[in-house]
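Peer 1: Sequence:
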Amino acid sequence: MPQSHNYLRTTVETYLTRHPHERPQLDGLLEALDRPTDITSRSAFSGHVTCGAVVVDQLGRVLHVPHVPHRAGGKVLEPEDGFLTAAALRELHKETGIPPEAVEPWPGYEAVPFDIDIHDADAHPGNGEPGRQHLGLRFLFRLRSAKEMPLVSRQEEIGGVEWRPVDTVASPSLREKLLTVTPGVEPEAANASALIHNDRGEYLLHLRDYFPGKICEPGMWSLLGGGREPQDATLEHTVRRELAEEAGLRIPDLVPFGVEEATDDSGTTLPIAIYAGTWNGDPRELHLTEGVMVAWFAPDDLHRLRIVPSTRDLVRRHAASRTSGAPGDERRPASPSGTVPNVIGVHLYLERPDGKVLLGLRHPDSGFAPSTWHVLAGHCEQESAVTCLVREAREEAGLRIEPQDVELVHVVHHIDRTGDQPRMGLFFRARTWTGEPELREPDKCTQWMFWDPTALPELLVPYTRVVIDGIRAGRLYSETGWA
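If you're matching positions, the sequence shown starts at 33 in this note's numbering and goes up one per residue.
Bear in mind the hints are in silico, worked out from the structure with no lab data behind them.
Just so it is clear, CB atoms sit at the ideal spot from N, CA and C, and this is done for glycine as well.
There could be a bad hint or two in this list.
To be verified - Derived SDA-like pairs: lysine to any residue, alpha-carbon spacing no greater than 25 Å straight-line:
#, residue 1, residue 2
1, K126, A202
2, K126, E268
3, K476, E317
4, K388, L508
Said to hold, decoys possible - Ranges of calculated distance between the beta carbons of each label pair, as one might list FRET restraints:
#, residue 1, residue 2, range
5, R344, F482, 47 to 53 Å
6, F482, P435, 22 to 28 Å
7, P244, F329, 22 to 28 Å
8, P373, T212, 49 to 55 Å
Generate the whole structure from the sequences, applying the supplied hints.
Peer 2: Here is the structure:
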């Protein structure tokens, strides 16, 4: 089935937790989401889904668009839209002239439909379109300003756009819901979280601090993310900012997956927009500013964790969608049996004329080898290994090294524990360099010192000790951690 169906199903199921009495009338929609036909397409003649915006102004009036009563919009979801609300906002602007930045989601409805309308659409024989069922997801917005908003209608489609009282709304279900909301209420904190997975099918989870009454889900494994702040233009901005602030993570391919609801200690239910993305890094290298730790977990291992059921089910649902072979699933092909990616680490073996070797003392809060000595090193990114070495030396210690002045002196293939991701460490010697080691990244390294290789510090990364001994013995290759 189309990948968008997983997102739609999650959205509809979240809506039904608020309006369970509407499930019978939405059973047809849920059944359609299990079929391979993309119901967001206009070619889906059995029925199709559209997105619309219900807009309320500062006086409590509702925006009236004649061709679709009391609702602006009706556009099917496009690939560039991301969240369903984007389709509604695009049509709102096209049909009324109201720009997306002039409105904001109603508190508590940032990613959950306010109402779902089902009605029969007329046939259009001239276009070859038979009659079908129209499924309209209505999202609730309000104007940011009390200033009068100019309205511009598309005359060829609608006869005029205007603000009307709530009690004039024709749809009984929409009118009933609108009468329960108060225009003057201040926005609540909307949340966004990241469902990060790697090519091995594992998911990155965050162990929260145990501060009952101060944070949501204390002492439990959860997704990275947090609440929307005033500077966040969208919930995607929220999740990207939270990833950078909490763990220094930047995930380029985040896409919307669905909505989860969480309940805080006060009993308040908060909607959480979920974005999914791929990352194949080492959690131990992340610098956490919140929580205890982050780690990879396979979906089948979640039953061992202290985790809320909704998060566990969300992970498993996403894992099932990735293995379904659905069109639009752009995950990387599965590796052959027994084959896993190896992380490439680039290391600097800097030896002074007196034979002493440069080591750095890692920060006590480091996710990998805290308060332990190690050579200057970094992960090879989208670059050559020598380029990585030159860059890391400059960024971490202010050392200037020319590419032609380095030589490969050792390779180590290692793992820390059985089952961990394997690593290939490349050690390069700099024959000459400019500058003295400086603390350019004190959050990673707290001290640089040259050590006698015959009297290395006791707290030294194990494979680093193996490599230094190997270099002094003239060996080019070592293995550590393998059974």
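Peer 1: Are the hints correct? Go through all of them and say.
Peer 2: Verification of the hints:
1. K126 <-> A202: holds, 23 Å
2. K126 <-> E268: holds, 23 Å
3. K476 <-> E317: Between K476 and E317 the Cα gap is close to 10 Å, so the pair holds against 25 Å.
4. K388 <-> L508: holds, 20 Å
5. R344 <-> F482: 47 to 53 Å: holds, 50 Å
6. F482 <-> P435: 22 to 28 Å: holds, 23 Å
7. P244 <-> F329: 22 to 28 Å: The hinted range 22 to 28 Å holds for P244 and F329, with Cβ atoms some 24 Å apart.
8. P373 <-> T212: 49 to 55 Å: holds, 52 Å
Checked against the numbered hints above, the structure breaks none of them.
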